[in-house]
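**Q** Residue numbers (this note's numbering), protein chains in the order written: chain A, 10 to 332; chain B, 175 to 493.
Derived by calculation from the structure, the hints in this document are not laboratory data.
Treat the hints with care, since some could be wrong.
FRET-style restraints, in silico, Cβ to Cβ [stated by the list, open to error]:
(1) LYS260(A) / MET350(B): 51 to 59 Å
(2) ALA359(B) / ARG29(A): 43 to 51 Å
(3) ARG284(A) / PHE486(B): 17 to 25 Å
(4) GLU457(B) / GLU60(A): 52 to 60 Å
Cβ coordinates follow ideal geometry from the N, Cα and C atoms, glycine included.
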Amino acid sequence: MARITMRQAISDALREEMHRDPDVFIMGEEIGVWGGTYAVTRGFYDEFGPERVRDTPISEMAIGGAAAGAAMAGLRPVAEFMTINFAFVAFDAIINHAAKVHYMFGGQMKCPVVFRAPGGGGRQLGATHSHTPDVIFAHFPGLKVVSPATPYDAKGLLKAAIRSDDPIMFIEHATLYQIRGEVPEGDYVVPIGVSDIKRTGSDVTIIAYAQGLQVALSAAEQLANEGIEAEVVDLRSLRPLDMGPALESFKKTFKAVVVEEGHRSYGIGSEVVARLQEEGFDYMDAPIKRVAQFEVPLPYSQQLEQSALINADRVIAAVKEIL
Amino acid sequence: MSNEMYLEWYRQLVMIRRFEQKSSEMYQLGKIGGFLHLYIGQEAIAVGSVAARQENDHVITAYRDHAHALVVGIEPKLIMAEMFGKVTGVSKGKGGSMHLADVNRRFWGGYAVVGGHLPLATGLALAEQYKHTDSATLCYFGDGSTNIGYFHESLNLAGTWQLPVLFICENNQYGMGTAVARASAVTAIVDKAKAYGLPASQVDGMNVMKVYEATQKALAAIRAGEGPQFLEMITYRFEGHSMGDPLRYRSSEEVEKWREDDPIGILERHLLSEKLADKATLEQIDKSVEQELEAAVKFAEESPLPSADDLFAHIYVEA
Ligand SMILES: Cc1ncc(C[n+]2csc(CCOP(=O)(O)OP(=O)(O)O)c2C)c(N)n1
Ligand SMILES: [Mg+2]
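Using the sequences and the hints given, assemble the complete structure.
**A** Rendered as C-alpha cells:
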C-alpha cells in the first residue's frame, strides 16, 4: 500500500468522484486557477475545466446557498470554504437551509451537498483564523459532520460524503494535511457515523478525533513506554455520533479521557462524557477527564498559542490523574 | 391572449384573495398558528408571472408564499391542511404557512429567513445551466430583502456566471414597518440590480397583464442566453405585514389610495369594458372559488394530525 499524505488522499477522493459521476463538481474561492489555498485541488482546473471547477467570488453566503440550491436540483456539489472560520458567514445557508429543507418540507426534497472546510489552530493565524468550531455544526440535526484523522479515513469518508443524499460538513484539520498514512489502490468508502478503534489497550480509553486523535496516539505511545496501555477510539463522525466502540472500550478499562482541539465548555468531550455516564455508569471507576483547548481566543505568539492548545503531555497527565 | 386565459387569471386572483381572507379567519379562530403573512394587494404578481413560466421553470419565494403555492397549482385544501398542522398538508404539517412547497411542480417553497432563498435560487439556476437545459428560475422576494447580503452576493454570482434566473422583487413599499426610503440608500431597487449588470425594469405590479408581459419578455431574454434578469414589481400590501400588525407606520389615506388600484378590480374592469366576459360569468367564478374554499377548510378540519413517528421522519435521507 502506498503511504500518501492526507492532502493527497482528499485530492484523490475528489478527483475519483468527479470521474465517477458527472454531477459532482466543486466550487469555492481560489479552488481553480490558484489550485486551492491548501493545494487540495491543484490541477483540477486543467483536468476538469471551469464548468466543474468553479472559482467563486468572495461570497460565503452565496457559496453555501448556491451549493445547497444546486444540490436540491439534483447535482452533487462539493463546496469549499477557504477555512471553516469563513463558514460562519454562511452559517444560515448551511444550518437553516441545507440542513433543514428535507425535514421542513416533509421529505419532498433532498440536499446532497458536501461542504469542505479546513480548520483548526496551531498555525499562528490569530484569533479569527484558528477556530475548531466543529461542535457548533454538530449541534444541529439535519446536518452530518465528519472530521477524519488519517489519510485512509479522509479518502473513504469524503467518498461516502459525496455519495450520500444528506448534507455534510467535512472538516479537515489543516495541520493534518502533511501527515502520511497507508491508503490502498482503488475505490473504497468509510461509512459515515461509525467510530473506529485506532489502538488497542486495556488500562484506559482515550476518545478523540481529527487532530486530537493524533495527539492521543502520541500520548498512548509514550504511556506504553511506562507500561500503561491505552485504547484509542476515533469518533470520525461527530453527527451521527457512534458511541458503540467507546462504550465497549470503557466497559473494559473503566476509565476514560476525551481529547478534542475545540474549547472545553459545551464541547465534543462534554457530550461524550455525558453519554458515557448515562450508558456506562456502573463501569465508571474514576472521573472521566476532558482535554481540550483553554477558554481563550487563540493568540498569535507561538508559545502562547501552543500553551492554549492540546498536546500529548496534557493527555498523559489526565490519564495519570485517574489511573 | 385568449379569453380562457383571462378568466383563469381572474379565477386565480379571486382565489388568492379569498384564500387569504379565509386564512385570516381561521387564524383568528386559532386553527392556524405561528406567523401568517397575507398576500392581499399583491395578487397580480404571482398570477401574471407564474402564468408566463414554462413547465420546467423553477419557482421559489419567501414566507409570503400562499399565492405562489396556489398559482403553481397546489390544491387549496393541501395548503389549508398544512396551515392547520395536519399530516395531509403539502409539507406534512412540518412547514406551516411559511414553508409550502411542491417539488413535483418545481415549486421549491417559501423560506422564512429574509433573503436566504436567493442563493438557493441561484443554485437551482446553476444546476440547470450545468445540465444545459432551457429551464429558468423565478425567484421572488420583497423590497426589504434587497438590503441583506444574500441579495448582493446572489445577484453578483448570477451576473458573473450568467445564470438563468429571473429575480422578481415585490416592492410593496415596506419591510415590516420600515418604508423603502428608511432602509435603502438607493430607493429605485432596479438600480441595485443594474449595479450587478442585470437588465432591470420596473413594472406595474397591480396589473396582471403588465406583469405577464414583462415576465414573458424577461424569460425570453434568459432563454435567448442573455443571462439573469431583474423585475421590480411596484405593488402594495393592503393588510398588515403579518397578523397582529399594529399598522402604526402608514396612514389609512395611503392605504385607501392604493386600494383604488386593486388588482382584481383592474382586471375585472378590463374584462367587462372589452367585453371579454360578462358579470354573470365572473360571479360564477367567485361562487366556485367559494365552494372550493369551503371544501378546503372541511378537508383541513377532518384531516389527521401527524403521528409521533412523523416527528423523527425526514431528518436525514439515509439513517
Ligand atoms: C434575516 C432576517 N431578519 C429579519 C427577519 C424578520 N422579518 C421577517 S419579514 C421582514 C420584512 C421583510 O420585508 P420584505 O423583504 O419587503 O418582504 P415583505 O414582508 O414586504 O413581503 C423581517 C424584517 C427575518 N425573517 N430574517
Ligand atoms: Mg416589502
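**Q** When you take the CB atoms of ALA359(B) and ARG29(A), is the distance between them in 43 to 51 Å?
**A** holds (48 Å)
**Q** Just tell me: holds or violated, for the beta carbon distance of LYS260(A) and MET350(B) against 51 to 59 Å?
**A** 56 Å Cβ-Cβ, so the 51 to 59 Å window holds.
**Q** Determine whether the Cβ-Cβ distance between ARG284(A) and PHE486(B) falls within the hinted range of 17 to 25 Å.
**A** Hint holds: Cβ distance 19 Å, inside 17 to 25 Å.
**Q** Taking the Cβ atom of GLU457(B) and the Cβ atom of GLU60(A), is their distance within the range 52 to 60 Å?
**A** holds (55 Å)
Hint compliance for this structure: no hint is broken.
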